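Dock chains D and P against the given chain C, drawing on the hints supplied.
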Amino acid sequence: MVNFAPVSSYSSQELAAALKAGSLEVALGPFTARAKGEGKPLRSFLQDTYRDVMVRLSLSDVTDIALDVRAPSLLRKYIRPQVIPDPGFQVPAVPLPKSMSGLAFEMGLNLVVALKCCRFVTFHAGVVANDKGAILMSAESGGGKSTLVAALMEEGYRLYSDEFALLNMPDARLASYPRPVSLKNESIEIVRDFAGGDWVSPVISDTPKGKIAYRRARPEDITEAGETAVTKLVLFPRFEAGVRASARGLRRAEAIMRLIPSSTNYHLLGEQGFNALRKMLDGAEAFEITYGTTDDSMKMVRDLAAKVGL
Amino acid sequence: MKRQWLDILVGTKPLPEDILERAELLEFADSHHVLGQMAEVWKDTATGKTRDVFDNGLLRARFDRNMLRNEMERVERAFMGTGLSPILIKGASYVAQGLDAGKGRRVSDIDILLHEDEIGQAEELLKAAGWAFDEATDNTYDQNYYRTKMHELPPLRHKTRRTIIDVHFKLLPRTSRTKVQSDLFIDAALPLEGRKLRVFTAADRLLHSAIHSFADGSFDTPARSLIELKYLFADIQEAEHEGLLARAKTVGAVLPLAYALWALAEFFKDPLALGLLEKSGVKPSRLICWTISHKLEHIDTAPFAKALLYIRSHYMRMSLPQLFWHLATKSFRRIKPQPELPLPPGFQ
Amino acid sequence: MAAGPYSADTLWVAHAAHLIVEPHEDVSVVFHKLSGDTHILNFLSAAIVELLEEQPGTFAEVTGRVLTYLELDADDCPPSLVESTMLQLDDTGLIAPQNLAGSA
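Residue numbers (the working numbering), protein chains in the order written: chain C, 1 to 310; chain D, 1 to 348; chain P, 1 to 104.
These aren't lab readings, by the way, just hints derived from the structure by calculation.
As the structure is a computational prediction, the values presented were derived from the model and not from experiment.
Treat the hints with care, as some may be off.
Sample of chain C residues at the chain P side, in silico, Cβ under 8 Å [said to hold, decoys possible]:
| no. | residue |
| --- | --- |
| 1 | Tyr157 |
| 2 | Arg251 |
| 3 | Arg252 |
| 4 | Ala253 |
| 5 | Ile256 |
| 6 | Met257 |
| 7 | Ile260 |
| 8 | His267 |
| 9 | Glu271 |
| 10 | Arg278 |
| 11 | Gly309 |
No farther apart than 20 Å at their CA atoms in a straight line, the calculated lysine to aspartate or glutamate pairs in the EDC-like style are these [stated by the list, open to error]:
| no. | chain 1 | residue 1 | chain 2 | residue 2 |
| --- | --- | --- | --- | --- |
| 12 | C | Lys36 | D | Asp134 |
| 13 | C | Lys116 | D | Glu24 |
| 14 | D | Lys149 | D | Asp134 |
| 15 | C | Lys36 | D | Glu24 |
| 16 | D | Lys159 | P | Glu53 |
| 17 | D | Lys49 | C | Glu220 |
| 18 | D | Lys49 | C | Asp282 |
Cβ atoms here follow ideal geometry from the backbone N, Cα and C, with glycine treated the same way.
The shape of chain C in the complex, shown without the other chains (with noise of 0.2 Å):
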């Protein structure tokens, strides 16, 4: 069996070949996807973005996920080149320019995990966690939980995940899902200036949600992967501009009821899933945070991370 190793590691020849052949295997956290896909758009986007990730050429074992970025009709593989992702089954995905193929993979490999993995609950949320445990953020797009991953990750938090908190039935542990932290519009130069320049992808201009930029996963975030952690914090982060800060502690059955519509599959799992949901938030306190800055959410964040204990 060939073993993983990091993209980098790799000619860009050697990635062309196992993309156009659909062998390329890419570890994420307790999954695998088998990429395919033409073209220099994706395979420079996944050499920058997933620089440090895990992969082989060749396909060593069947994947969770399987992936295709291609073009959705055979005009549109020549004349203004488009791409869509196609993971097996119909997905409402709007074509792409070919340029923007990274975009397209990563909203196939969202639509996959968010319908098709059921082994996790998965909550649309992100995760960061230390040796102590795990900050859960669980919010709508827009709410700043992307940026406060990223400035997470500065203050010796590992990546566990930007957009799927995967919570592990049996013993309702979050499992780690390193992947490139999606950055829109300002957010792309305020983490710009805390992560350094050399860790944000170069920006993706006009796309369907205006601009966008990832922040990598770091070599020590994905060599942790395979790893769980226990949830501290629940939070629920609310950005509004011009607003003082403020945090409101949430009472355990609000946090569950808040909690279960952002899951993609609570519903599917039944009473396995209302149990791990139970026991996760055994051990871990939520607060509803209202914000106008990221200073001030990163103050916040870091007293009830301390009251914690984390």
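Frame of chain C, contents of chains D and P only:
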């Protein structure tokens, strides 16, 4: 799909050693909704990533099973005290009875069958309990079309649970050229143990599956249909085989049964099915047999066979003027935007 | 809306085996094993479910028991409120008529 995959799907041939083929088979099983059934036969031997992939199928099937159990209870609640006892048919009945054909099976809708003269009352009871027609079919044309030409009411969706129930009053559309005596199936139905619903006998179950595959639709889910036929046929004791032929004659399902037996002999090399086909004296049409094989082997890309079966199945359902009128009306009415697929949270 | 036919004489029940109940100060989080739904019940609905787990009852009987149990008088909690709450609980499947097959 590869023919030899069928045997792997039902557990009679080993999983492919070649990783790429194994990956392709699992992806095929997932996208054709038979991963859960495949996982059921392999769950005790598969390890590592293969087992992880099977777990996805098993968890989905568990959800479907729970959903079905709840819907059955809700239907019983809706009909409580009225004396109506609907018959559970298709996938839902296999799962409810714990048959091999139901293990790991995906169930998205629940199908029930009632006597035609009970349909009005059943519809009222379901509506009173929260089911309603979707906007797309809640109009005079569709309602009239379903009731006068088809074999079921337009699908009813529950307003809060969003689950769908198909209420049948016949096994085949009224306009179908194959004439099946639906009432005989209804009269022979048996109580489902511990419940107020009923189910078909083993022979009628197989006959209905054969009718559904070979006299009704366009054989749209070949892998799933063949697996279903295999398990349902295995549920019938060899001593009952003669009785099966007789029953097919009585209810008017000789031809669909012959195609089912031919398919079992052809794709699973089942000698009992072959023997019974010979005994039946029916010679399946070579063109239709070719179409079925072609459809299976080119499951995603068989435009020719698809067109052939489409015309054949519509031809069986409707006379030409009827078909023309239907298509014309449909094409005028259906020009409206499709509702968007629901997105998970965070993707709006 | 009810989940099916009923009358004033219908005996209602709740099955403890179908429920996981987590009581909180003023609400209960209830997981319903049959539907897989998670509900938040206010104190009145939670009390009705609890009382019907112990003993079946008609609308009238449950109204009487709820008043005693929650120490309320009929002005605070009129029979119509208990009845409409019970019909909502019937709709979710948390309570059901006693002789419904398959729910035992």
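_Checking hints one by one. Is Ala253 of chain C an interface residue toward chain P, by the C-beta closer than 8 Å rule?_
Holds: closest Cβ of chain P sits about 5 Å from Ala253 of chain C, inside 8 Å.
*Would you check the hint for Lys36 of chain C and Glu24 of chain D, treating anything up to 20 Å between C-alpha atoms as holding?*
holds, 13 Å
_Restraint outcome when Ile260 of chain C is required to lie within 8 Å of chain P by C-beta distance_ = Cβ of Ile260 of chain C sits 6 Å from chain P, so the hint holds.
*Take a quick look at whether Lys49 of chain D and Glu220 of chain C sit within 20 Å of each other, Cα to Cα.*
violated, 25 Å
*asked:* Under 8 Å is the threshold here; is the Cβ of Arg278 of chain C close enough to any Cβ of chain P for the hint to stand?
replied: OK, holds: Arg278 of chain C within 8 Å of chain P, min 7 Å.
_Min Cβ distance, Ile256 of chain C to chain P: is it shorter than 8 Å?_
Because about 6 Å separates Ile256 of chain C from the closest Cβ in chain P, which is inside the 8 Å limit, the hint holds.
*Compare the distance between the alpha carbons of Lys49 of chain D and Asp282 of chain C with 20 Å, and conclude whether the hinted pair is satisfied.*
violated, 31 Å
*Verify the proposed pairing of Lys116 of chain C with Glu24 of chain D, using a straight-line Cα cut of 20 Å.*
holds, 16 Å
*Would you mind confirming whether the straight-line C-alpha gap from Lys149 of chain D to Asp134 of chain D stays at or under 20 Å?*
holds, 19 Å
*Going by Cβ atoms only, is Glu271 of chain C closer than 8 Å to chain P?*
At about 6 Å, which falls below the 8 Å cut-off, the nearest Cβ of chain P leaves the hint on Glu271 of chain C intact, so it holds.
*With a cut-off of 8 Å on the beta carbons, see whether Met257 of chain C makes it to chain P.*
Nearest chain P Cβ about 6 Å off; hint holds.
*Minimum Cβ distance from His267 of chain C to chain P below 8 Å?*
holds, 6 Å
Going through the hint list in order, the structure does not satisfy hints 1, 11, 12, 16, 17, 18.
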